[in-house]
Amino acid sequence: MTNSQQYRVQDEVIIAAPAETVRSLVDDVVGWTQLHKPAVHAEILEDHGGEQLIQHWAVADRHSVRTWKVRRAKAADGSRVSFEHLPAEAPFARLGGEWTFQETGGKTRVTLSHDFTPAEGEEASSEELAARLHEGNQDYLQVLGHCAENRAVLDQLIISFTDQLFIAGDIKDAYDYLWEADKWEERIPHIAKLDLEQPAPDVQFFDMDTSTPDGSSHRTRSVRITLEPRLIVYKQTELPVLLDGHTGHWKFIQTPEGIIAEARHTATIKPSALGILGEGTTVQDARRYLRRVLSANSVSNLRLAKAYAEERAGV
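Following this note's numbering from start to finish, the sequence shown increments by one per residue and tops out at 386.
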């Protein structure tokens, strides 16, 4: 017999920001990866205006990543966003829910609910499943409230940019050069040491010691997922002192003449750490520093990938 017992978990928060600001953060599933610590990537697979099919990736723990698909539908007036996991994964037989947004006096009451049916044999753990969803709701709402209430500040603290380079070679060669992190110590001069874990063919974790053009060095831990051969997405899970967040990608676009390879960085500056760049350093100073240093490393890596792919192509 199929289990039909349904349960509901609901949490709410009052956010001192207009509903439109709050909704825009919920809608921006790609940008959310910069704001929410577990989130690694979101890919919009289908977009029909008011309805989307989205695939999410998030770190499950220090050594693994989980991925799932969600169908989301938005009410015409923007007051409600419903979602359904497709399919629900064990220990759930069904998992869905909704967001609601109600603005009063410049503040927004946000509710986040989950409706679920435990999988066969999981009925006894329904309280544990509800507690897990409740904890996730509270974490998400807390981050949402902070980001909505500090939107103007975050716009100054977050710097995002891309660098591109044309490669007259094969897309697979350029992709391989940047995906094969186990060879980076030999291939990339500014990497002193890299310890790689690959728990799945499309997932990597690594601890890496790197140096910057100004002579400083730092150790970070990153997670990467790949959508071969067009995209490699990364997120630093253990960050350098100056940053509160760092995500990015390597993207490969095929053209009739060759490949456009793109490096993207999105970094969140930690205001309390500005002093490491010198007394009196401002956020704008840090933005200029990050643009210069991160871009220098990325462009260097793109040029190395270009040389590798073009040599193999006999160019």
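If you are wondering where the hints come from, they were derived from the structure by calculation, not from laboratory data.
Incorrect hints may have been included.
Computed spacing ranges between beta-carbons, pair by pair [what the hints assert, rightly or not]: (1) D356 - W139: 32 to 42 Å; (2) Q173 - L116: 41 to 51 Å; (3) D148 - R383: 29 to 39 Å; (4) G192 - D280: 44 to 54 Å.
Model, not experiment: these values are computed from the prediction.
We treat Cβ as the ideally placed atom computed from N, Cα and C, and that holds for glycine.
So, going through the hints one by one against the coordinates:
no. : hint                    : result
1   : D356 - W139: 32 to 42 Å : holds (41 Å)
2   : Q173 - L116: 41 to 51 Å : violated (30 Å)
3   : D148 - R383: 29 to 39 Å : violated (55 Å)
4   : G192 - D280: 44 to 54 Å : holds (46 Å)
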